[in-house]
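Residue numbers (my numbering): 222 to 456.
Everything labelled a hint here was simulated from the structure, so no lab data went into it.
Heads up, a few of these hints could be off.
[To be verified] Label-pair ranges, simulated between beta-carbon atoms:
#, residue 1, residue 2, range
1, Arg296, Pro224, 40 to 48 Å
2, Pro224, Asp277, 29 to 37 Å
3, Ala271, Asp375, 42 to 50 Å
Cβ atoms here follow ideal geometry from the backbone N, Cα and C, with glycine treated the same way.
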Amino acid sequence: MTPVPSESLESVLDRTWPVLMDFDGPVCPIFSGGRNAVVAERMRETLRSAGVEVPDDVAATSDPIDVLRFTAGLRRGELTHHVEDTFVAGETGAAREGTPTPGAHDAIRACDQAGRPVVVVSNNSVQAIRTYLELHHLNDLIHAVIGRVPARPDLLKPHPEPVRRALRVLGDGRQSPVLVGDSTTDMEVAQVAGLASIGYAKAPERVPGLVRAGADAVTEDMAEIARVVRAGRSA
């Protein structure tokens, strides 16, 4: 039997207020078009130039985070920071070329108009996220950006630390936040942190995985979040 969400989008947004929003996917598919593979290869080149023999699995991956995790495991702090710098430069360049997820900017604007704080919580770097937000005139609509701690892939989601940092920024525990993300990892970290979650499914076949991972509601269109927020209460 195909799993279905336990709640509607309206129900989840009605019982929550601040919005914690993942970046890569819900806001912008930053590594679309093979940009992830390009950045991963640049990171491997940094490793090879330092005399590191890259194992086959790391040589084959198109995920820069996999390369960063491998590098951190070498326990060579300076090298890890060099590889991190290569990662940041690559994803910042990708952010400059990135196109918006349909409806994402409208969802951010709707939250701002309603008085809902939006905190971006992402495994991407703050530099890349801020570059994108600045280019698209969204910086002033974002309450805070919680990005990757440099050279600390162990603190990436699904580790709850990014969400904990976001909650500390928000401060007032009387308002229940909701996490919007496109990955099962996002849904899992929301459960660990005790937050409501909305899964953004980029394709219909992704819906069951998000539900199984704990999504309270799922949408296939970020514009639906804008619609529901505008139809609901305001601060």
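Evaluated hints:
no. : hint                        : verdict
1   : Arg296 / Pro224: 40 to 48 Å : holds, 41 Å
2   : Pro224 / Asp277: 29 to 37 Å : holds, 36 Å
3   : Ala271 / Asp375: 42 to 50 Å : violated, 21 Å
Of the numbered hints given earlier, the model fails hint 3 alone.
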